[in-house]
Amino acid sequence: MVINILAKIKDFFTQEETTENTGSSSVAKERLQFILVQDRIKLSPQEMEEMKAELIEVIIKYVEVDKDKIDMDISREDEKMAMVANFPIQKKQE
Amino acid sequence: MDQREQGKAIVITSGKGGVGKTTTTANLGTALALLGKKICLIDADIGLRNLDVVMGLENRIVYDLIDVVEEQCRLEQALIKDKRNENLVLLPAAQTRDKDAVSEEQMKELILKLKERMDYILVDSPAGIEQGFRNAIAGADKAIIVTTPEVSAVRDADRIIGMVEAEGVNDPDLIINRIRQDMVDRGDMMNIEDMIEILAIDILGVVPEDEGIVVSTNKGEPIVLSNNHKAGEAFNNIARRLEGEDVPLMDLNNSDSILAKFKKFVGLS
Ligand SMILES: Nc1ncnc2c1ncn2[C@@H]1O[C@H](COP(=O)(O)OP(=O)(O)OP(=O)(O)O)[C@@H](O)[C@H]1O
Ligand SMILES: [Mg+2]
Chain A
5 MVINILAKIK
15 DFFTQEETTE
25 NTGSSSVAKE
35 RLQFILVQDR
45 IKLSPQEMEE
55 MKAELIEVII
65 KYVEVDKDKI
75 DMDISREDEK
85 MAMVANFPIQ
95 KKQE
Chain B
14 MDQREQGKAI
24 VITSGKGGVG
34 KTTTTANLGT
44 ALALLGKKIC
54 LIDADIGLRN
64 LDVVMGLENR
74 IVYDLIDVVE
84 EQCRLEQALI
94 KDKRNENLVL
104 LPAAQTRDKD
114 AVSEEQMKEL
124 ILKLKERMDY
134 ILVDSPAGIE
144 QGFRNAIAGA
154 DKAIIVTTPE
164 VSAVRDADRI
174 IGMVEAEGVN
184 DPDLIINRIR
194 QDMVDRGDMM
204 NIEDMIEILA
214 IDILGVVPED
224 EGIVVSTNKG
234 EPIVLSNNHK
244 AGEAFNNIAR
254 RLEGEDVPLM
264 DLNNSDSILA
274 KFKKFVGLS
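Those sequence lines, one after another, are chains A and B.
With positions in the first sequence counted from 1, the corresponding number in the working numbering is that position plus 4.
With positions in the second sequence counted from 1, the corresponding number in the working numbering is that position plus 13.
Just chain A, same shape as in the assembly:
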């Protein structure tokens, strides 16, 4: 009985905590990541898009990729900057 009540109360608070990611902090994080990419490589959002488009053109010459799921990110590790691009390859439709 006691355990049951505790579980209910726990549910109540857990529920409250799962709403966590709808707050503005995730927006802040996303915006910040985007801003820092531009700051770090001194590339404007427009240039970034152009580069992305050109890269895609080159890659689809050879493989089929899922254009909607392409992901590009700049990160810094030990004072070095790295650009990580993810091109999900689509299965060839027979």
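Honestly, I wouldn't trust all of these hints.
Unchecked claim - Restricting the straight-line Cα-Cα distance to at most 25 Å, the calculated cross-link-like pairs of lysine to any residue (SDA-like) are:
| # | chain 1 | residue 1 | chain 2 | residue 2 |
| --- | --- | --- | --- | --- |
| 1 | A | K33 | B | I211 |
| 2 | A | K46 | B | D207 |
| 3 | B | K50 | B | K96 |
| 4 | A | K33 | B | A213 |
| 5 | A | K46 | B | G141 |
| 6 | A | K33 | B | G175 |
| 7 | B | K29 | A | I78 |
| 8 | A | K33 | B | K29 |
| 9 | A | K46 | B | G30 |
| 10 | A | K33 | B | I209 |
| 11 | A | K33 | B | D201 |
| 12 | A | K46 | B | A140 |
| 13 | B | K94 | B | E122 |
| 14 | A | K33 | B | N204 |
None of these hints come from the bench; they were simulated from the model.
Fit chain B with the ligands to the given chain A structure using the hints.
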């Protein structure tokens, strides 16, 4: 000859203004002095001096940093002894001069002299990326970057990290100031992990938002000197980490709140 080890010069900087550099400098300096270390605080914010006020030493200033580099006085004459701790001295900034009145070379020379007799030299940097900032990092062996959990402050911190590294001050550490755990909990403030991940930098400490800081600044007494303040405890922890002690990051959950106690009781935190 006395072969004491050379002291370490640490610059406290941020890019964005008003994030807590001066507060951090005053409290870390006081905390390290309480640990028995010989400390010199340098206010490198020429024209906007504040560190003297935060330390409660504004009435004792006779000479300042510019007087020293222009040889209007000896270095010893300009060093103001702290009221409370004999291990601690302050070299104040000039209030009526321009930041161009001192050069990077002069700062390096000054810090070298101080390293002979101090364990730590903490340099309170002005905001910005101009000459004042360059002077502040000139003689530094290490940099501490202060930020708050806001997009603009973290962005500036990222910029400053790149700049101090370009100047050869490697591996800067991060202090996140003014964290409000209640806001983090409800998802309205970036959490510590987010910021470390984004900046790819080592974390030296986390300081909560604390009304006590305002009170302590009003009185000119660093908060590390009063008990029962989370922010004071946080700064004391940071001082111990600088001394090489392995102190875990502070649990910022307000242990006084009934809700927190209750959550702990039902096993939620
Ligand atoms: N943890 C904190 N909790 C509450 N208030 C704080 C905290 N840290 C700093 N403050 C307040 O924020 C204000 C700015 O702090 P401080 O002067 O240390 O910043 P700064 O980075 O040195 O500013 P500047 O760039 O102008 O030199 C002060 O009024 C200070 O009392
Ligand atoms: Mg300041």
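Results for each hint:
Between A/K33 and B/I211, the direct Cα distance comes to roughly 8 Å. Compliance with the 25 Å bound is thereby established for this hinted pair. With a CA separation close to 23 Å, the supplied pair A/K46 and B/D207 stays within the 25 Å bound. A threshold of 25 Å between alpha carbons decides the hint, and for B/K50 with B/K96 the separation of about 16 Å falls inside it, so the pair holds. Only pairs whose Cα atoms come within 25 Å are accepted, and A/K33 paired with B/A213 is accepted, the gap being roughly 14 Å.
This hinted pair checks out: A/K46 and B/G141 have alpha carbons roughly 19 Å apart, not beyond 25 Å. Distance restraint check for A/K33 and B/G175: the Cα-Cα separation of roughly 20 Å lies within the 25 Å cut-off, and the hinted pair is therefore satisfied. Between B/K29 and A/I78 the CA atoms are separated by roughly 23 Å; this keeps the pair inside 25 Å, and the hint holds. Taking the CA atoms of A/K33 and B/K29, the gap is about 18 Å. The hint holds against a cut of 25 Å.
With a C-alpha separation of about 23 Å, the suggested pairing of A/K46 with B/G30 holds against the 25 Å cut-off. Simply put, A/K33 and B/I209 have alpha-carbon atoms about 11 Å apart, close enough for the 25 Å limit, and the pair holds. For the given pair, A/K33 sits about 11 Å from B/D201 by alpha-carbon distance, which is consistent with the 25 Å threshold. Taking the CA atoms of A/K46 and B/A140, the gap is about 22 Å. The hint holds against a cut of 25 Å.
The suggested pairing of B/K94 with B/E122 holds, with an alpha-carbon distance near 21 Å, which does not exceed 25 Å. Distance hint between A/K33 and B/N204 is fulfilled; the C-alpha atoms sit about 9 Å from each other, no more than 25 Å.
Of the numbered hints stated above, none is contradicted by the structure.
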